[in-house]
Amino acid sequence: MADKTTDFVPLSFPRDSAKPVMTLSKAGHVFTLTMTSPPDNRFNPTFVQSMNEALDIVEDWALKSHRGEPCALITTSSNDKFYSNGLDVMYLFKNPDTWFISDQYLQLLKRVLLFPVITVASLNGHTFAGGLLFALCHDYRILRADKGLLSLNEIDLPSSLHPGMAWIARAKLPPTTVHPLIFEPKRYGGQAAVDAGLVDAIAPADQLLAVAHKWANHGAPKVARAGPIVSELKLGTYADVVEKLDIRMEIDVRKFMKPKM
Amino acid sequence: MSTDFVPISFSRNSAEPAVKLAKAGDVFTLTMTAAPDNRFNPTFVKSINDALDVVEDWALKSHRGEPCALITTSDSDKFYSNGLDIVYLFQSSDTWFVADQFLKLLKRMLLFPVITVAAVNGHAFAGGLLFALCHDYRILRADKGLLSLNEIDLPSSLLPGMAWIPRAKLPPTTVHPLIFGPKRYGGQAAADAGLVDAIAPADQLLTVANKWAEKGAPKVAHAGPIVSELKKDMYADVVAKLEIRTEVDVRKKMQAKM
Numbered sequence: 048m049a050d051k052t053t054d055f056v057p058l059s060f061p062r063d064s065a066k067p068v069m070t071l072s073k074a075g076h077v078f079t080l081t082m083t084s085p086p087d088n089r090f091n092p093t094f095v096q097s098m099n100e101a102l103d104i105v106e107d108w109a110l111k112s113h114r115g116e117p118c119a120l121i122t123t124s125s126n127d128k129f130y131s132n133g134l135d136v137m138y139l140f141k142n143p144d145t146w147f148i149s150d151q152y153l154q155l156l157k158r159v160l161l162f163p164v165i166t167v168a169s170l171n172g173h174t175f176a177g178g179l180l181f182a183l184c185h186d187y188r189i190l191r192a193d194k195g196l197l198s199l200n201e202i203d204l205p206s207s208l209h210p211g212m213a214w215i216a217r218a219k220l221p222p223t224t225v226h227p228l229i230f231e232p233k234r235y236g237g238q239a240a241v242d243a244g245l246v247d248a249i250a251p252a253d254q255l256l257a258v259a260h261k262w263a264n265h266g267a268p269k270v271a272r273a274g275p276i277v278s279e280l281k282l283g284t285y286a287d288v289v290e291k292l293d294i295r296m297e298i299d300v301r302k303f304m305k306p307k308m
Numbered sequence: 006m007s008t009d010f011v012p013i014s015f016s017r018n019s020a021e022p023a024v025k026l027a028k029a030g031d032v033f034t035l036t037m038t039a040a041p042d043n044r045f046n047p048t049f050v051k052s053i054n055d056a057l058d059v060v061e062d063w064a065l066k067s068h069r070g071e072p073c074a075l076i077t078t079s080d081s082d083k084f085y086s087n088g089l090d091i092v093y094l095f096q097s098s099d100t101w102f103v104a105d106q107f108l109k110l111l112k113r114m115l116l117f118p119v120i121t122v123a124a125v126n127g128h129a130f131a132g133g134l135l136f137a138l139c140h141d142y143r144i145l146r147a148d149k150g151l152l153s154l155n156e157i158d159l160p161s162s163l164l165p166g167m168a169w170i171p172r173a174k175l176p177p178t179t180v181h182p183l184i185f186g187p188k189r190y191g192g193q194a195a196a197d198a199g200l201v202d203a204i205a206p207a208d209q210l211l212t213v214a215n216k217w218a219e220k221g222a223p224k225v226a227h228a229g230p231i232v233s234e235l236k237k238d239m240y241a242d243v244v245a246k247l248e249i250r251t252e253v254d255v256r257k258k259m260q261a262k263m
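First to last, the protein sequences are chains A and B.
Just so we're aligned, residue 48 is where the first sequence starts under my numbering, counting upward by one.
Just so we're aligned, residue 6 is where the second sequence starts under my numbering, counting upward by one.
Some clues are possibly wrong.
[Claimed, not checked] Chain A regions said to be covered by chain B (calculated; three or more residues, Cβ under 8 Å):
(1) 206–220
(2) 267–278
[To be verified] Chain A side only, calculated, beta carbon under 10 Å to chain B, not exhaustive:
(3) Y187
(4) G244
(5) L282
(6) A286
(7) V289
Simulated from the structure, these hints should not be mistaken for lab results.
Ideal placement from N, C-alpha and C gives every residue a C-beta, glycine not left out.
Please construct the entire structure, taking both the sequences and the accompanying hints into account.
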């Protein structure tokens with residue numbers, strides 16, 4: 048069982064909001080970031096900003112205030128149906144925020160990809176499109192065994208993939224998974240997701256967080272011993288993905304997509 | 006196993022050679038003999054390069070058009086190679102050794118003009134595993150011997166070329182746990198993970214390695230310098246990163262371990 052003692056008072060984000068989109072708590076060495084943005088944890092400026100604030104706290108803890116101590120991060124969702132359904136397309140339709148994807152969303156993907164502690168995505172529901180890319184930027188993924196599909200459905204929206212988005216899949220997945228994932232688009236769940244290399248393990252719903260904790264606890268000592276070198280190793284291993292994520296492109300979704308509820 | 010080659014050791018005339026080179030049939034065997042664990046330092050790298058020069062000259066010049074292949078292995082029952090000689094790097098101020106000698110050797114192995122087979126008869130850790138990954142094939146002892154890239158625990162980062170060898174040669178589902186676990190692989194698990202091509206019992210390891218080497222030996226006979234060119238085409242990205250010169254002062258990064 049995970050160590051339940053905590054030296055951290057849970058926080059929600061945005062701070063002082065009546066409807067937080069994210070909460071951050073800690074048990075033992077492991078922070079858990081829970082996405083709480085109904086209905087399906089979509090990425091828009093408030094969501095990204097909240098996540099960055101939560102990540103700031105974890106990063107500060109691991110590299111500064113508690114440097115030398117074990118630390119890891121789990122992300123999950125409070126929503127039984129979705130881990131995350133990707134970008135907030137409605138927001139992008141209603142606002143001319145054509146730099147949101149490059150400057151906020153992709154930079155968040157890069158941040159998670161290079162995060163200084165070991166990260167575990169606890170996939171308790173559907174993980175689609177930008178939500179799957181976000182999950183793929185973690186060190187490890189644990190998927191609920193009975194429910195929850197993974198899919199990169201851009202081809203059906205239809206939408207192309209920014210170079211960095213495509214390269215996350217290329218770098219992290221076997222080629223025999225990459226092509227069906229993007230071009231069918233194939234949906235993976237349960238053991239098939241493990242076999243395809245999309246997730247590291249599956250677990251029954253009531254054991255999902257416990258299993259995620261096990262993986263997180265195994266990785267927590269890395270930052271204690273290696274400090275900033277964890278991040279350096281991630282940068283060295285995924286230099287090509289980072290380079291592509293840094294490509295700034297103006298993207299106006301209204302030019303190629305229809306809004307869907 | 007007839008041979009037209011008298012075994013040599015390197016350094017030549019050394020009482021404690023680091024490397025021995027022998028030949029049986031079409032296959033050269035380079036045995037690492039630098040006790041205790043075949044670590045890469047200037048003497049070791051030079052000895053390997055001298056041995057490789059002999060094989061390269063044989064295959065591309067003096068016996069051009071004849072089959073030829075290379076096995077590397079170790080005479081230590083415990084280690085294939087434990088990587089860089091950290092104690093040497095600590096005690097000398099040789100901050101260009103990694104870039105100019107070790108990485109250059111990795112590049113040479115990666116592009117070697119004959120088919121190469123690593124007969125991994127013991128642990129292959131860190132730089133030793135990277136060296137093995139630069140071969141065409143790897144055969145691992147079935148009962149003993151682990152593979153690991155333990156830089157994260159030293160702790161040490163990986164130079165761009167060092168990180169790119171696993172990216173190019175291994176499935177993504179192996180790369181991440183290998184570097185960030187760091188996961189250790191042995192036996193069938195190493196084969197399943199794509200780290201090695203086959204496993205064999207200890208007493209059959211060299212025989213199996215020879216089988217793979219004999220199968221690859223005709224390549225240079227037929228293709229000559231094109232074997233090397235094909236390797237360069239296939240691994241151009243790894244080569245480009247191995248050529249990046251970075252000064253490395255281990256004293257700044259690591260605690261010396263014996």
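Do the hints match the structure? See the list:
1. Only when three residues or more bring their CB closer than 8 Å to a CB of chain B does the claim for the region 206–220 of chain A stand; here the count is 3, and the claim holds.
2. Only residues whose beta carbon comes within less than 8 Å of a beta carbon in chain B count, and the region 267–278 of chain A has 6; three or more means the coverage holds.
3. At a threshold of 10 Å, the smallest CB-CB gap from Y187/A to chain B is about 8 Å, leaving the interface hint in force.
4. For G244/A, the interface hint holds, the least distance from its beta-carbon to any beta-carbon of chain B being 4 Å, beneath 10 Å.
5. A hinted interface residue such as L282/A counts as satisfied when its beta carbon comes closer than 10 Å to some beta carbon of chain B; here the least separation is about 8 Å, so the hint holds.
6. At its closest, the beta carbon of A286/A sits 7 Å from a beta carbon of chain B; the interface hint therefore holds under the 10 Å criterion.
7. Annotation: interface hint on V289/A violated; nearest CB of chain B at approximately 12 Å, more than 10 Å.
Comparing the model with each numbered hint stated earlier shows that hint 7 is the single one that does not hold.
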